[in-house]
Structure formats: C-alpha cells, structure tokens
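Chemist: So for the sequence shown, the working numbering puts the first residue at 7; every next one is plus one.
Some hints here could point you the wrong way.
[What the hints assert, rightly or not] Only pairs whose alpha carbons sit at most 27 Å apart, straight line, appear in this in silico DSS-like list of lysine-lysine: (1) Lys122 / Lys81; (2) Lys60 / Lys136; (3) Lys81 / Lys103; (4) Lys60 / Lys105; (5) Lys136 / Lys122; (6) Lys81 / Lys105; (7) Lys136 / Lys105; (8) Lys105 / Lys122; (9) Lys103 / Lys122; (10) Lys48 / Lys60; (11) Lys136 / Lys103; (12) Lys122 / Lys60.
Honestly, the hints are just simulated from the structure, not real lab data.
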Amino acid sequence: MTKKRNYPLLQHIRPYAQRIALFTCMCMWMGIAGCTGHSDIKNITPEECNALLKQQDVQLVDVRTEQEYGNGHLKDAILINIQGQNFTTNATQQLDKQKPVILYCRSGRRSMQAAKTLVNEGFTMVYNLKGGILAWQAEGLPTE
7 MTKKRNYPLL
17 QHIRPYAQRI
27 ALFTCMCMWM
37 GIAGCTGHSD
47 IKNITPEECN
57 ALLKQQDVQL
67 VDVRTEQEYG
77 NGHLKDAILI
87 NIQGQNFTTN
97 ATQQLDKQKP
107 VILYCRSGRR
117 SMQAAKTLVN
127 EGFTMVYNLK
137 GGILAWQAEG
147 LPTE
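All chains, full assembly: derive it from the sequences and hints.
Modeler: Here it is in structure tokens:
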C-alpha cells in the first residue's frame with residue numbers, strides 16, 4: 007500500500023494558481039479584443055494625408071469647434087464638431103460610408119475619438135491625421 011503524501015503548502019497555493027491562470031487568460035483575451043476593436047482606423051502623417059487628398063475622392067472632416075475652424079482649417083474640410091450634441095447624427099447624415107474619411111483636430115486626440123465613433127457606425131475607411139492640424143502646419147502645408 008502506498009502512502010498518500012500530504013503537502014499542506016500546495017493546498018493553499020493551488021487556489022491562487024487557479025486565480026492567477028484565470029486572470030492571465032482574461033488579460034490575454036482583453037488584449038486580443040482590444041487589438042481588433044478599431045483596426046479600421048489608420049493613423050496617417052501629414053504627408054500621407056496630403057497625398058490621399060490629391061489622389062482620391064475623400065471626405066475631409068475637421069472635428070474641432072467652430073471657433074477653432076474659423077482660425078484656420080484644411081482646404082475643403084467639413085466642420086462636424088465632436089463636442090457637439092449631435093456629432094454621430096450629423097456625421098452619419100453628412101458623410102458617405104462608402105468613401106474614405108480623413109478626420110483631424112488640433113492634436114489628434116479628438117479626431118481619434120471621432121474615428122472610433124464612425125467605425126462603430128459602420129464606416130470602414132477611416133483615417134486619423136496623426137498630430138492634427140499642428141503637425142500639418144509644422145510640415146508647412148497650407149491652411150485656409
């Protein structure tokens with residue numbers, strides 16, 4: 007007859023190991039889900055943005071306030087304020103989901119928020135101007 011070994015330390019470790027394994031799996035799943043969540047948004051440089059504007063029939067959207075827009079904006083940009091009450095409604099009514107959309111703001115943060123909103127509304131070709139109008143102007147590109 008074999009003697010059953012009793013390891014009291016392992017009895018306390020086992021529940022913690024299970025919790026750690028579960029926590030690790032959850033973190034991995036959340037990481038994977040987060041990576042695929044907004045894959046339709048592409049950050050572009052001012053140079054890439056300028057090239058897209060020259061090549062394709064794109065929709066250029068300034069998501070800043072009316073005052074910021076009035077102080078200078080990219081040529082042919084449509085103003086749809088991300089901070090306005092009806093951003094989603096205005097964007098879906100004014101923009102074509104089948105055409106590429108380039109979004110910009112002052113520095114790129116608000117336009118990324120707007121890009122996520124558009125992707126959630128079914129837009130598939132969404133570009134975010136990395137660095138916003140500040141990066142555009144730093145490259146010496148024109149504004150109106």
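Chemist: Please go over all the hints and tell whether each is borne out by the structure.
Modeler: To see whether the hints hold, each was checked on the structure:
| no. | hint | result |
| --- | --- | --- |
| 1 | Lys122 / Lys81 | holds, 24 Å |
| 2 | Lys60 / Lys136 | holds, 18 Å |
| 3 | Lys81 / Lys103 | holds, 21 Å |
| 4 | Lys60 / Lys105 | holds, 15 Å |
| 5 | Lys136 / Lys122 | holds, 14 Å |
| 6 | Lys81 / Lys105 | holds, 18 Å |
| 7 | Lys136 / Lys105 | holds, 20 Å |
| 8 | Lys105 / Lys122 | holds, 16 Å |
| 9 | Lys103 / Lys122 | holds, 14 Å |
| 10 | Lys48 / Lys60 | holds, 18 Å |
| 11 | Lys136 / Lys103 | holds, 21 Å |
| 12 | Lys122 / Lys60 | holds, 25 Å |
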